[in-house]
Amino acid sequence: MQIRALENEIGGALFVRTSRRVELTEAGALLVVEAQRAVAQAERAKAIVQQSLRGDIGKVRIGYAGNAVLTGKMTDHLRAFREAHPAAEIELREMPPSRQAEAVLTGEVDVGYCAAFALKVDPRLSVQPIGAWPLVVAMAEEHTLAAYRRVTPRMLAGEPLIMFPWEEAGGDVLKRLILVLGREPRRVHLADTTLSMLSLTGAGLGVALAPKPLIQVKVPRIVYRPFVAPKNVFAELLLIGRADETAGAVRAFVKLASGSSDRATSRS
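Going by the UniProt record's numbering, the residue at position 229 of the sequence shown is 229; the numbering climbs one at a time, nothing skipped.
Heads up, none of these hints are tricks.
Straight-line Cα separation of at most 16 Å, EDC-like style, residue types lysine to aspartate or glutamate; simulated pairs:
| id | residue 1 | residue 2 |
| --- | --- | --- |
| 1 | 255 | 83 |
| 2 | 59 | 83 |
| 3 | 59 | 108 |
| 4 | 255 | 245 |
| 5 | 59 | 91 |
| 6 | 59 | 89 |
| 7 | 255 | 76 |
| 8 | 59 | 245 |
| 9 | 218 | 141 |
| 10 | 255 | 244 |
Quick list of the computed label-pair ranges, beta carbon to beta carbon:
| id | residue 1 | residue 2 | range |
| --- | --- | --- | --- |
| 11 | 9 | 245 | 40 to 46 Å |
| 12 | 231 | 92 | 33 to 39 Å |
| 13 | 107 | 153 | 38 to 44 Å |
Because the hints were derived from the structure by calculation, they are not lab data. Each residue gets a CB set at the ideal place from its N, CA and C atoms; glycine is no exception.
Kindly produce the complete structure, drawing on both the sequences and the hints.
Encoded structure:
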């Protein structure tokens, strides 16, 4: 009955029916070919959707500051993600930590490797701790503090400070600076990237607080000294994303990065 109804709908016979056999008409044969194509396309569409949900295809746009690379965390995550999802695309964009939250929320990037120091709390963000490291002070080799083995907050009193832009994070950064230094910094020079921050430091414009892995960067005329920070003050790195994220590749990256970070954090 269904075949007869279909024939009536399309206005022609699909089968030649005799008392001995039933054969496809030319129109019926064309319908079979197109139906097979439709089924194959439906299966392909299903497979593509499943790949997307698993994160096997799609794009992950990552915002980061140079410090995230130096810690090795981001590189480890990228390598592991590439091995698990080789067809997925990755796009990297270097940006100051304080810009990353807004970039994630507006869709400019999908996730960000952000210093906890520069993050303004927002319920629309998912936040995953990645690692934490002691602070060091970067300074020009001729700086008077270079003669000391360690640098205390009191020794930084009056020193110009070089740091990433922090206006987007509002007053939270200033409060954290006061917590670390014991007072408001006398003067601040802003630098968009880790290399520009080191360039200003080497030029003698001030000193910079940075995570310990930064000492791997050997820049002429710059030396590093351990910073005697207040108790429980570390350079903490966070992975931030959208709390309501639906893209499969992004969700897969966050899950992978979060899992690897649960296994390894350094505070030494």
